[in-house]
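In order, the protein sequences belong to chains A and B.
If you count the first sequence from 1, position 237 lands on 237 in UniProt numbering, and the numbers rise without skipping.
If you count the second sequence from 1, position 244 lands on 244 in UniProt numbering, and the numbers rise without skipping.
Note that these hints are calculated values from the structure, not bench results.
One or more hints might be untrue.
Unchecked claim - Negatives, chain A to chain B, calculated, CB over 12 Å:
1) ASP9
2) ASN78
3) VAL251
4) HIS289
What the hints assert, rightly or not - What the simulated footprint calls covered on chain B by chain A, stretch by stretch (three residues with Cβ under 8 Å from a Cβ of chain A suffice, anywhere in the stretch; the number is not a length):
5) 36-44
6) 64-72
7) 203-213
Here the structure is a predicted model, which is why all the values come from computation and not from measurement.
Built from N, CA and C at the ideal position, the CB exists for glycine as well.
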Amino acid sequence: MDLSDFEADNSVSCRLSSAIPDICRTTDCCLGIDEAGRGPVLGPMVYGICFCPIDRKEDLKALKVADSKTLTEVERENLFCKLDEAKSFVGWALQILSPNTISTSMLQRAKYNLNALSHDAAIGLVQYALDCGVQLKEVFVDTVGPAEKYQDKLSQRFPGVEVTVRPKADSLFPIVSAASICAKVARDHAVTSWGFVEDLGDVDTDYGSGYPNDPKTKSWLLKHLDPVFGYPQFVRFSWSTAKTILDDKAVPVHWDDDEEGGEKAAARMNCASMLSYFGKSRTSARETHRFFSERRLQSLDSL
Amino acid sequence: MASKKKRSLNAQNDRWVVIAADSVVDAAKSDGSDPVFVRLKNPATDVASLYLFGAGDADVYEVKAFDEDYRSWFIGQTVQRDGRLLYITPVDPLYLLLPYIIKAGKEQGKFQPVEQVLMDEDFPACRRLLRCARTRASLPQVAEEKEGNGQRFYKYSQEKTVEWLKKKVDRTVEALKKSNISVGGGVKSTTYIRTKQECNVQEEDYLRYAHGLISEYISEDLSKELQKILQLPEVSSPKDLEPPSKKRKVSDTPVEAGEDYTKFNGASFARKPPKKMSAAQKSLAKADKTGMKSMSAFFSPKAKTEKN
């Protein structure tokens with residue numbers, strides 16, 4: 001799999017895709033959606049779609065695609081090669097959401113959570129297939145969040161396409177299994193050959209699976225913590241694993257949308273404390289002229 | 001979430017991010033001596049404020065800090081927690097001399113050499129103001145001048161001072177207009193970009209704004225005097241906006257109840273059956289309340305603690 005498009009800039013989201021088989025533009029097709037790398041604290045999350053004509057589903061079965069989790073890495077690689085060879089009737093597309101994209105989405109002021117991010121990635125890929133002229137009639141999805149809600153959302157978004165959202169869809173429908181293989185292979189490649197944009201010197205690439213409960217991953221996170229910057233972009237800052245270590249070990253950083261309570265917050269909000277209303281004599285200190293207060297300019301009494 | 005670490009407020013800091021007038025740096029080059037930060041009496045507040053003397057004390061500058069929450073600097077390969085931006089801008093030394101001249105005028109009321117006037121134990125650096133290039137020439141703006149024995153003597157003159165300040169206000173108005181500063185009453189944000197020019201800004205708004213700005217450099221008394229001369233009407237102070245006190249006015253008419261409570265005594269008034277309690281209220285009612293104080297107990301006056 002050629003990931004060079006993503007590797008050119010792994011801080012943003014990237015789409016990779018196969019050529020669209022001609023037959024898919026003329027015959028009714030089914031499409032499977034699956035994701036890889038939802039849980040890890042390290043590396044990208046990859047969304048994959050696979051599509052083929054409905055009447056060629058059996059050929060897909062013949063390739064013996066199965067749920068990617070039941071396969072070894074080598075088996076997955078082989079299966080992906082077979083899928084790629086079947087390009088006369090099978091097409092695929094991937095959306096690689098970089099860890100940086102995930103961090104910045106989830107930690108921005110208007111929170112954009114992982115489910116919304118996942119749904120939008122899936123929708124984007126289906127729309128891509130439609131835009132390419134694939135005659136979509138059936139879509140099968142492994143669920144993210146409540147299956148019914150997700151199915152309603154997708155059905156509404158794509159009228160005229162029969163959407164089936166099902167937990168464990170990757171083991172039930174071969175087209176979803178195929179999508180899961182594409183996604184998983186892409187994620188594996190991206191993680192094993194991660195190009196760090198940061199100058200980390202001799203970086204230790206033995207970070208294990210990337211899942212928060214992997215002791216290797218945890219010790220890697222502890223080792224690569226920078227007190228000021230935290231982590232390289234490879235790490236999802238929004239994961240509680242990363243957050244906890246940052247809170248404990250790194251320099252505290254305060255943002256203006258941090259939640260804080262008490263008098264200090266009230267003072268920041270420019271609210272007078274309740275107590276100030278009970279003081280009898282208000283000291284008539286002159287207020288700074290608004291030219292200065294509007295510009296946040298203050299006199300200093302020392303450096 | 002883990003408890004956030006508190007910002008320690010007095011971190012060591014030996015670096016500042018400064019925007020300074022070119023003259024500060026240029027003067028240093030020619031003279032060789034460095035510009036120096038000093039504490040002087042702030043003419044508006046009478047407390048210490050930070051100023052800077054250019055090389056050779058040729059000029060005096062005031063130091064203002066742009067200070068907003070949640071800011072830090074990245075400088076080269078380091079981080080500076082103090083996110084302030086210091087502005088060093090020239091200030092007319094006469095503003096800083098004025099409190100001393102006024103004080104001497106009040107206490108002695110006679111002509112004196114300015115060196116005698118400018119004595120301050122708390123701010124010994126104030127004598128350096130006399131070395132500033134503009135100082136001596138501008139003294140007659142605020143004081144009567146006499147010459148004798150090759151020395152000059154000065155006596156504070158309020159008329160002259162106010163006249164001088166009036167000129168300052170006029171020049172400030174000009175500057176405000178030139179730099180498109182919004183002086184209108186309704187405008188709160190200076191970063192808010194409006195498509196149309198403010199149309200209903202009046203000359204008085206400029207005058208009032210300029211007066212306020214100049215008042216940042218003079219005592220409150222002088223500010224009021226200047227306001228009179230500029231014929232700016234007083235604006236309602238925030239005190240007027242407070243709600244009226246709740247005390248009832250004393251009157252001669254007999255006091256009557258505002259509401260008729262006797263209706264509750266009539267036969268027609270039947271007590272309503274107590275409302276059904278919600279599930280949460282029921283579970284609360286079941287709680288063991290022994291040893292708990294009633295809510296009102298917290299508001300009654302504190303029982304005096306007995307001395308042992």
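Going down the list of hints, with the structure as the test:
1. ASP9: 23 Å, holds
2. ASN78: The claim stands: ASN78 (chain A) keeps its Cβ more than 12 Å from every Cβ of chain B (closest is about 45 Å).
3. VAL251: Not fine: 8 Å to the nearest Cβ puts VAL251 (chain A) too close to chain B.
4. HIS289: Incorrect as stated: the minimum Cβ-Cβ distance to chain B is 4 Å, not above 12 Å.
5. 36-44: holds (count 4)
6. 64-72: Three-residue rule met by the stretch 64-72 of chain B, so holds; n is 7.
7. 203-213: holds (count 3)
Going down the numbered hints, you'll see the structure goes against 3, 4, while the others check out.
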